[in-house]
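Q: Sequence:
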Amino acid sequence: MATVPNRRQYGRVVLSYGGTIRTGQGWSCTLTSSTAFHVPTAAQLKDMLDTMTGIFVSWWGGSGGQLNSADVVLDDLKAYFYPAGATSATAQAEVTGIAAAGAKTGTMPTQVSLVHTLLTGLPGRHRRGRNYVPATGVSLTNHQLTDALTNTSANTFASLLESLNGTAIGDTFWLTSVSANLAEAAPPTVIQVRVDSEADIQRRRADKVAADFVHAATVPA
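In the working numbering, the protein residues as written are -12 to 208.
Because the hints were derived from the structure by calculation, they are not lab data.
Where hints are given, some of them may not hold.
[To be verified] What follows is a list of derived Cβ distance ranges for each label pair:
#, residue 1, residue 2, range
1, A204, T10, 43 to 53 Å
2, G13, T94, 33 to 43 Å
3, S75, F200, 41 to 51 Å
4, D37, L127, 51 to 61 Å
5, G111, A30, 53 to 63 Å
6, A57, D187, 35 to 45 Å
7, T92, D134, 12 to 22 Å
8, L127, G72, 36 to 46 Å
9, V26, A203, 20 to 30 Å
10, V201, R112, 35 to 45 Å
11, L106, H130, 43 to 53 Å
12, P96, N138, 22 to 32 Å
13, D187, G13, 13 to 23 Å
14, V44, A204, 29 to 39 Å
These figures come from a predicted structure and were not determined experimentally.
Glycine is no exception: its CB is placed at the ideal position from the N, C-alpha and C atoms.
Turn these sequences into a full structure, and let the hints steer you where they fit.
A: This is how it looks when you write it as structure tokens:
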């Protein structure tokens, strides 16, 4: 089972979505949801992911995949349940083989991302989250993304969260998206998704990028 630090005094489901870049390099983003009334089983988490697969594929087709070249693939969803205060998951499930590829032809470096900031309306970094969605296939205008693409990315991710919030586990409670970095007893919900036109990088992906070619030139004596 996955182990993560936990100062949160509420049960939560951690949802991971991701895949591969250029077949070998992995990428992933996470969302966190509070579970106030129910302790889901692995089977219930799997049922949830089965429902969410269509939601994520729809978002990828209309937005995420429009940021990426064809060698960037959304391929898996994973869910982990952590009881209040726990550092180890007590139930987990996954869906693999989604194989939804990017749709664009841009050639940005593999670590280029578009940051989706999740805002709760409250101050402080612990009350907001970020998803670094790959953006390897974008084309830039004046070194930045277009206004239209920025708007679409924010709007469709907000719609994604709305759809995820309406996904039940065991027909006993509903997911409420909360900031992935939250460390409080009473989690506020995400009320806004902010995206700006400046491309960013995900450093953990950059650290894993291997050069296709290296040449060292000798300096003559």
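Q: Against each hint, give a clear statement of whether it holds in the structure.
A: Quick rundown of the hints versus the structure:
1. The hinted window of 43 to 53 Å between A204 and T10 is violated, with their beta carbons roughly 31 Å apart.
2. A hinted range of 33 to 43 Å for the beta carbons of G13 and T94 is inconsistent with their spacing of about 20 Å.
3. Look at S75 against F200: about 43 Å separates their beta carbons, and that is inside 41 to 51 Å.
4. Look at D37 against L127: about 37 Å separates their beta carbons, and that is not inside 51 to 61 Å.
5. Between G111 and A30 the Cβ separation comes to about 37 Å, which falls outside the hinted range of 53 to 63 Å.
6. A hinted range of 35 to 45 Å is violated for the C-beta pair A57 and D187, which are about 22 Å apart.
7. Between T92 and D134 the C-beta distance comes to about 21 Å, which sits within the given range of 12 to 22 Å.
8. Distance hint check: the CB atoms of L127 and G72 are about 45 Å apart, consistent with the given range 36 to 46 Å.
9. For the pair V26 and A203, the beta carbons lie near 57 Å from each other, so the given range of 20 to 30 Å is not met.
10. Checked against the given bound of 35 to 45 Å, the beta carbons of V201 and R112, roughly 38 Å apart, stay inside it.
11. Separation of L106 from H130 is about 26 Å and departs from the stated range, judged on CB atoms against 43 to 53 Å.
12. In this structure the hint that P96 and N138 lie 22 to 32 Å apart at CB holds, the actual value being about 24 Å.
13. Between D187 and G13 the CB atoms are about 18 Å apart, so this pair conforms to the stated range of 13 to 23 Å.
14. Remark: the range hint 29 to 39 Å for V44 to A204 is contradicted by a beta-carbon distance near 47 Å.
The structure fails hints 1, 2, 4, 5, 6, 9, 11, 14 (numbered hints given earlier, in ascending order).
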